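**Student:** One line per chain: the protein sequences are A and B, in this order. With this note's numbering, the residue at position 60 of the first sequence is 60, and numbering never jumps. With this note's numbering, the residue at position 169 of the second sequence is 169, and numbering never jumps.
Careful: at least some of the hints might be erroneous.
[Said to hold, decoys possible] Have a look at the derived ranges for each label pair, beta carbon to beta carbon:
#1 A/27 - B/84: 26 to 32 Å
#2 B/70 - A/34: 45 to 51 Å
#3 A/28 - B/14: 46 to 52 Å
#4 A/24 - B/164: 21 to 27 Å
#5 A/52 - B/143: 30 to 36 Å
#6 B/62 - A/52: 50 to 56 Å
#7 A/45 - B/173: 35 to 41 Å
#8 A/34 - B/192: 15 to 21 Å
I should point out that these hints are in silico values taken from the structure, not numbers from a laboratory. These figures come from a predicted structure and were not determined experimentally. Backbone N, C-alpha and C define an ideal beta-carbon position, used for all residues, glycine too.
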Amino acid sequence: MRHIDYQKRISLLVDGVLDGPAAKEALAHLTECSDCARAYEEMVSLNKALTNVKPSLSDLSLANKVKARISGSSSSVGYTWNFSLLKQAPIWALIAILAVGVGDMAGKTLTEALKTYDTSHNLENLIQDHSESLTDVLIDFGQSENGR
Amino acid sequence: MGCFEDLSDQELITAAKGGSDTCFGELVDRHTTTAYRVARSITGSHEEAEDVVQESFLRAFKNLDRFDGSKSTFKTWLLTITRNQSINIVSSFRRRALKFFSDHEEGEPELEFASNPLSQEPLDAETQLSLKRQYHTMDKALKKLPERQRTALLLRSQESLSYDEIATVMDISVSSVESLIFRARKKIIELVER
Ligand SMILES: [Zn+2]
């Protein structure tokens, strides 16, 4: 068996889910292979570090928000997204960008409009996945804002 | 019917299905933090994680009748919903477009770390600070992992889910979980050592 295969087993050993002959074999290998012994120590340390830096919520406000929405939900009709990014980048900012910078692009596809802004590494994904016009997107934003 | 902290999740579900909001509220108290951490690790955003947690519980509440306790626990069911909601947000066109148009960087909320379970004592300021530094180092490395590796590793190392439970949450096989966790560990160790 290769060292990498032993290390896969060692990962299971660290989690306490390896037993029987496979565990015995892995443990025996640890005594004779310094590379795999080091990998074992590192995985154990990583586990400890991840447990140490497990953040906890500082107060009960999120649980209370959830409960408030649940008690309110029985009387509400329909289903709306509370999409916080919309609050941070208001529709007016987007309209202003359009009016000032890309005013002559109305009606073009989003791909065409964005091609001039070749600054983001996310752009490729954006272009590949969608071909809605910029107007469509803005109308969509507006509807989400009004629908809340 | 009154609700007690020593009731199991399944007992609370049964009561909640019978119309008890209070019993569902106890489930919210039990699982909000875990759901938050899962959503936070996928979205990378405190505000989005809060939204995801609210929506996930609301969905769970509205679909309680569909929950089958013989197939999964409430926790794994909730985390499945939470993960899917988080992925939907991250991959939504609207979010990517907004990120593209906006330079807005979300401020990191004040993080707190659980007190040492062995001592039961709250952590002093110096230890909190040291943990925050460790957190940021680890957070930076975790962000470089593909979502599947990161989620599998954190569900195991931080939330102590079994491999079977992780497989249920992520809708993959147990051997895929083993492989994701192993690759995540190798990658993080490599990144932190660098
Ligand atoms: Zn070896």
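**Student:** Give a verdict on every hint.
**Tutor:** Checked hints:
1. In this structure the hint that residue 27 of chain A and residue 84 of chain B lie 26 to 32 Å apart at CB is violated, the actual value being about 39 Å.
2. Between residue 70 of chain B and residue 34 of chain A the CB atoms are about 47 Å apart, so this pair conforms to the stated range of 45 to 51 Å.
3. Between residue 28 of chain A and residue 14 of chain B the Cβ separation comes to about 49 Å, which falls inside the hinted range of 46 to 52 Å.
4. Taking the beta carbon of each, residue 24 of chain A and residue 164 of chain B are about 23 Å apart, inside 21 to 27 Å as hinted.
5. Checked against the hint of 30 to 36 Å, the pair residue 52 of chain A and residue 143 of chain B fails, with Cβ atoms roughly 18 Å apart.
6. One distance hint, 50 to 56 Å for the beta-carbon pair residue 62 of chain B and residue 52 of chain A, is violated here, with the actual separation near 37 Å.
7. Roughly 28 Å separates the CB atoms of residue 45 of chain A and residue 173 of chain B, a value that falls outside the hinted 35 to 41 Å.
8. Between residue 34 of chain A and residue 192 of chain B the CB atoms are about 20 Å apart, so this pair conforms to the stated range of 15 to 21 Å.
Hint compliance for this structure: hints 1, 5, 6 and 7 are broken, all remaining hints hold.
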